[in-house]
Each structure stands twice: as structure tokens, then as C-alpha cells.
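Engineer: Take a look at the letters that make up each chain.
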Amino acid sequence: MAEIFKHIYPSKYFNDYISRNVRPDGRKFDEHRDVKVNINAITSADASAAVKCGNSTVVCGIKLELAKPKAEEPDTGFLISNVELLPLCSSKFRPGPPSDHAQVINNIVSDIVMNSKCIDLKDLCLVHDKLAWVVYCDLVCLDYDGSIVDACIVAIMTSLKTLLLPSVSFDAETEEVKVDTSARLPLKIHGLPVATSFGIYEHIPRNIVLADPSAYEEEMCGGVGANLIVCWNKGLFCGIQKFGGSNLSTEDEKRTLVLAKEISKLVEGVIETCIKNDKVK
Amino acid sequence: MVPERLQDFKLKPLKCELNFLSKSDGSAILSQGDTVVLASVNGPLDIKTTSQNIEKATLEVLFCSKEGKPSVADRFKENVIRNTCETAILGCLYPRTGITLTIQELENYGGLLTCAVNCACLALINSGVGMRHVVAAVSCAVNEVGDLVLEPTQQEAESARALLYFVFDSRDKNLVTGFTEGTFSEDTYEEALVRCRLASDFVFQFYRDVVKKYSNVI
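Chains as they are written, first to last, in UniProt numbering: chain A, 1 to 281; chain B, 1 to 218.
A portion of the hints provided could be inaccurate.
Claimed, not checked - In silico BS3-like cross-links for lysine-lysine, where the CA-CA straight-line distance does not exceed 30 Å:
1. K254/A with K10/B
2. K173/B with K261/A
3. K66/B with K12/A
4. K77/B with K70/A
5. K70/A with K69/B
6. K48/B with K92/A
7. K234/A with K77/B
8. K48/B with K66/B
9. K92/A with K56/B
10. K6/A with K56/B
What the hints assert, rightly or not - Taking CB as the label site, the calculated pair distances span:
11. S159/B with R184/A: 29 to 39 Å
12. R132/B with K254/A: 22 to 32 Å
13. L93/B with K279/A: 53 to 63 Å
14. D209/B with A41/A: 57 to 67 Å
15. R184/A with S185/B: 54 to 64 Å
16. L66/A with L45/B: 44 to 54 Å
17. T181/A with R132/B: 56 to 66 Å
18. P24/A with N19/B: 47 to 57 Å
19. V22/A with D187/B: 32 to 42 Å
20. N15/A with V145/B: 44 to 54 Å
21. E191/B with F29/A: 40 to 50 Å
22. D209/B with H128/A: 51 to 61 Å
23. E55/B with A2/A: 20 to 30 Å
24. L45/B with P186/A: 52 to 62 Å
Worth flagging that the hints you see were computed from the coordinates, not collected in a lab.
Every residue gets a Cβ at the ideal spot worked out from N, C-alpha and C, and that includes glycine.
Make a model of the complete structure from these sequences and hints.
Structural biologist: Next up, the structure:
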């Protein structure tokens, strides 16, 4: 009965839950879903991670390539991320070239990684103006159930933290490149940015802030892309983004910033423990 | 924090002309400093059934850069403008229709996106589409010393440690859209938000002046 009601009156169904201070999946307003991380899920990739935030599932694989640095920046390497939202993960997405939404998500993810300065692109350069690493981070969404940016950031950061760069020798005269995959060194990572999404639901007398919204909740809160995304790295913000959706009052905004800090600490803990456990094995 | 007076703020000089285009339902050309943007609104129009929404009007935004080549960055700008304007428009008045908003960049000397959002808002006012509230975009830079600079010039933006963009509504000055570049502390963010919120009054006042100027002509 409840299922039919949900389809006929989607907004009323949701509103009834919110007025009773609970969300349809039984969570409290500020409760986020469990985060599960699995390292080296893809053995053929140089580094990989599979992340589950509730039902949202993202797999990240990193591939390394060597290339010549850009002439205008001869000391920097490349970090290229690509988020794919295939029809597999949700009925919202159609096959074909990347949708606008996928492009926007990709832009947000790569902006957060770049803005947090967790990777110095100069570390990726091997020989001035001759040789640099290209780190391709491919993120594929398997199950789309909201807060996809959070899952993408966890996946990309866990993979980068476990990435080992092979040692490369370069002969300046013959320009011969030798890659030794047996001796690998970890990439330097400064901090660990974590993104936290919030949905803002228009409600009288005041708007309700929902932490880690699911796909259904996102739809009720103004559709895909209307989330407030807060990103912390080492006690500093590296991105606060909100595109339209319901308006946010000053008090609510302060509360979300505090909440985001707490959640990001928890998620950081999950990633660190997971990497530690993997090393013990 | 000591509340600052409005006169303490300096925004770039704003100049605007409404009804710049003869064939569109609403149009505006806006210059903020040396940055110039042209926006045109058409609608509510008939659109193809797949993109129709039974609850509200569908807003389509097209951002044309000076170079003319579409890029991922343009999609991002379109997304920002579309989501921002969607909250401002009373879309439920025009279900199953489309409103198209085309924005053409003419000159870019920094602050392109804030200029584009403000210009889009002026074009929407001019088109007569029902609106919940108007929106004003203000940007702010954090320089190397850690001081805040409102409406940075291109040089200031390039050397800045962080750039913060905010869009406020005219009713309660709530945050509609906000996005940032670079890293910054919580205090900086709060201060920037307060300052930009106060400075948005300038933009709203400018909207009023523009509409007043044109109201006996329209």
C-alpha cells in the first residue's frame, strides 16, 4: 500500500515522513549511511578501490602512463579524472556520450581534488620538460543512490593513497626510458579531502537539512545537482558548493559545516583503517 | 564582528541596457567593470514532449563563450546558471512549457560568471516571467596575505589563494548558490559570506534603478 501511495503522491509521502522527524529509510536527519571501502578490487589497474555509501557504489581504477609535460608547464604531471554514469546505475541515465550531469559531477570531483592541493602535480614530473606521469583516474558508478560526489571522492582518494609509482630511469642522451615495476614508491599525498553532501528540503516553517541524501531524497530536494557539498581537508575547506535548490539560512549553514566536519573525520577513519588493514595482509 | 557599512564596499561599476535584442521576449546587456555579457530569454514556449515537466516549466540554458567552442567548463557554467535561475522562476505557473535562456560572453576581464548570473536575472525580469525573487551574484577573493577582496580583478583572481562565489535571493538574503575554488578556513568563509551578503544590496539596488528607468518606456 505504502509503495503505491509513494508513486501516486511522491511529495506527500515524503512530507509525511519529514513531519514526523524521520526519513523514509529510517535514518535521522543528520545521520549518514555506512561507508564501505575495498582496496585493490581491480588487480589489472595500478591502484583501485570500490566504495559503497549506502547503496551508492563507485569503483575507481587508476592507470599510469608516461608523457611529455606541456610546454607552458614543463615541471608538472597530469591527473585526469573521468566519472562515468552508465545506464546500468540508474534509469535516469541513457546510453551515449556523457550527459551534462556526468560532466558536472566530473568537474566537481576534479575541482575538489585539485583545490585541496592533496597532490602536488610537480611530484608527477620525472624529467624537466621531457617526462612526466599521467595518472588516469576512471570512476565508474555501478549503483546510483544519491550523494555520488562523496562516494567518488572516497574512491579516488583511497586509490591515490594506495598508488605505487614504478621507478623510471631516463637516459638524457638516447632519450631511452626504462620502467622498473618491481621497485615502486608511494605517491606523496597531503591530507585527505572528504566531501559530504546535504539535501535541503523545502518545508514549513523552516527548511530541513538532510545529511547524505539518497537518490529519492535528492529528487524531493530539487533534483539532481541541487545538493550542498562541503569538503574538508586538514581543517581547511577545499570546496563548498551549492547550486540552486532550496535556500539555506545562516543558522542551518553553520550547523551543516559542523556536521560535515564530524562526518569527514569518521570517513577519514574508515579510509585510514582500511589501508592499514590492507598493509597487514 | 563589527557590521560594516555599505559605503565601505566598492563593487565594479554596473551598466545595463534592457531590451537590447528586438526579437527575444526579454534581453539584457550588462557590464560589470570591463566584463560584458548579453542574455536573452524566450518563453514560455512549446518544447518537445520528452523534456516537458508536468509540474513546472523546463529551463534550458545555453552559454556561448567568446571562442565559440563548447567545453566541459561551459556545461558547468550552464549548470550553475540553470539551477540558480530555476529557484528564482515561478515555474509552476507554466507547466509543460520551456523557457530558454541564452547567454553570450562578449568581454571577459574577470568575474564572468557573476556577471552572467546577474545579466540572466535582468533578462528574466525584462521578459516578464513570474519570479519568486530576484538573485544577485557577488564574488570574493582571498589574497596571499589572507585579506578579502570583493569583486576581484583578473590579476587579483589569478594570484588569489581562494575564490568564493555567492548568489543570494532578494527576500531573506538566503544563500541560493555558492561555490568555491582553493582552500580557506572556516572563519574566512563566514566573513566572506557576511560581506558578500551586504554587498549584494548594491546589486539589488541597481536592479531597482534599472527597472525604474525603463518602467515608463516598456
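Engineer: Each hint needs a verdict: does it hold in this structure or not?
Structural biologist: Evaluated hints:
no. : hint                           : in the structure
1   : K254/A with K10/B              : holds, 27 Å
2   : K173/B with K261/A             : holds, 25 Å
3   : K66/B with K12/A               : violated, 46 Å
4   : K77/B with K70/A               : holds, 26 Å
5   : K70/A with K69/B               : holds, 21 Å
6   : K48/B with K92/A               : holds, 18 Å
7   : K234/A with K77/B              : holds, 29 Å
8   : K48/B with K66/B               : holds, 29 Å
9   : K92/A with K56/B               : holds, 19 Å
10  : K6/A with K56/B                : holds, 20 Å
11  : S159/B with R184/A: 29 to 39 Å : holds, 37 Å
12  : R132/B with K254/A: 22 to 32 Å : holds, 24 Å
13  : L93/B with K279/A: 53 to 63 Å  : holds, 60 Å
14  : D209/B with A41/A: 57 to 67 Å  : holds, 59 Å
15  : R184/A with S185/B: 54 to 64 Å : violated, 36 Å
16  : L66/A with L45/B: 44 to 54 Å   : holds, 52 Å
17  : T181/A with R132/B: 56 to 66 Å : holds, 59 Å
18  : P24/A with N19/B: 47 to 57 Å   : holds, 48 Å
19  : V22/A with D187/B: 32 to 42 Å  : holds, 35 Å
20  : N15/A with V145/B: 44 to 54 Å  : holds, 49 Å
21  : E191/B with F29/A: 40 to 50 Å  : violated, 28 Å
22  : D209/B with H128/A: 51 to 61 Å : holds, 55 Å
23  : E55/B with A2/A: 20 to 30 Å    : holds, 22 Å
24  : L45/B with P186/A: 52 to 62 Å  : holds, 56 Å
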